[in-house]
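Now for the letters of each chain:
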Amino acid sequence: MKPGHSDPEGETTARLLRELGYKVEEVGVSKVYNVVVLADSKDEALMKAEEMCKRLLANPTKDNYTILVEGEE
Amino acid sequence: MKREEIKVCILRVGGTNCDAETKTAFEDLGVQAQILHVNEVVKRRNLLNYNALVFPGGFSYGDYVRAGAIWAKWMLSKIGKELEAFVEDGRPILGICNGFQVLVEAGLLPAFEGISPYPEAALATNHPPGYNCRWVYIKHENNGKCVFTIKIPKGKVLRMPVAHAEGRFLFAKEKEKQYLRRLYENDQLVFRYCTKDGEYAEGHYPINPNGSFHDIAGICNPEGTVFGLMPHPERAFYWWQQPDWTRQKLMPQYGDGKLIFESLIDYLEKRF
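In the order they appear, the protein sequences are chains A and B.
With this note's numbering applied, the first sequence has no gaps in its numbers, which climb one by one up to 76 at the end.
With this note's numbering applied, the second sequence has no gaps in its numbers, which climb one by one up to 1532 at the end.
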């Protein structure tokens, strides 16, 4: 969730963690997609992942996203 | 165009619901309505044989990724050009609940500058969180642009049910004021959540059942031909669909949802 928008799932989780006795300031909930991309280089894989985020995985109105590329060249 | 010649396509895919109720509503008003699986539309390329299109409610593709996202992108990749032609020809598209989410994810709403490549709004997780199924009141805000509400006087309060977990209408925080102004300027704001007496919810739950920005329950495109709303008009079509109908003194045949379908049919009769 981008800053400024409330994250009801995070807020509810934070409340329960506090009930359980943890000192929790905030919880942010996010999704992780593990995508196995067929590409010739890490740069190409990154470019494709960026496209995937824009076209489907994230809604720019509310979602931030980070891409982490792993694997062999 | 004669009423009995009007053909409405109600799309179906894994996870959609209320397609049968929507069909019944149209048929009750004397219009031909067909429920078609999206694969049929892709295979036959027959979208333009219809005068209006409905994306019904439900939880298409399990609401995976985001509610409506997969169906929206799937439609765009398969029959994007036909959809575009449909909109450009002024043929109406209605999105109910999940259908509203699809239209937003597909960039067909709010579509300030035409169909947008990326969503300009979102229908996020409800606040307070969780699936919310209840009857709500919505106030008609449109000044006459939206073809789905032309028979509804401005300011009229309607009663319909909502049933969703992702219905919190949002604009990007940095664009909130600008986009809200554009909704008003273009006459794209159609319904806002309110009390029975028409007082705006001002974000208060459960009057506003999902925490939507500006109590927004439904919007249309700048042309007024593409319309999406979270409440279900097809579940409020007949009077007896209301939970307290036996306790009410007034017993007409129809509920408030009928006005949406009647307005659309009125438009189609005059326009085509």
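Since the hints were derived computationally from the structure, they do not count as laboratory data.
Hints are not guaranteed to be accurate.
As the list claims (entries may be wrong) - Taking CB as the label site, the calculated pair distances span: (1) A:PRO6 - B:ARG1531: 41 to 47 Å; (2) A:LYS45 - B:GLN1292: 35 to 41 Å; (3) A:GLU28 - B:GLY1415: 28 to 34 Å; (4) B:GLU1459 - A:GLU14: 23 to 29 Å.
From a predicted model like this one, the values you see are computed outputs, not experimental measurements.
Virtual Cβ for every residue (Gly too), placed ideally from N, Cα, C.
Verdict for GLU1459 (chain B), GLU14 (chain A) (Cβ pair) under range 23 to 29 Å: 27 Å, holds
Is the hinted range of 41 to 47 Å satisfied by the C-beta distance from PRO6 (chain A) to ARG1531 (chain B)? Since the Cβ atoms of PRO6 (chain A) and ARG1531 (chain B) sit about 44 Å apart, the hinted range of 41 to 47 Å holds.
Cβ separation of GLU28 (chain A) and GLY1415 (chain B), checked against the hinted range 28 to 34 Å: 44 Å, violated
Against the range 35 to 41 Å, how does the distance between the Cβ atoms of LYS45 (chain A) and GLN1292 (chain B) compare: consistent or not? 55 Å Cβ-Cβ, so the 35 to 41 Å window is violated.
When the structure is compared with the earlier hints, violations turn up for hints 2, 3 and for no others.
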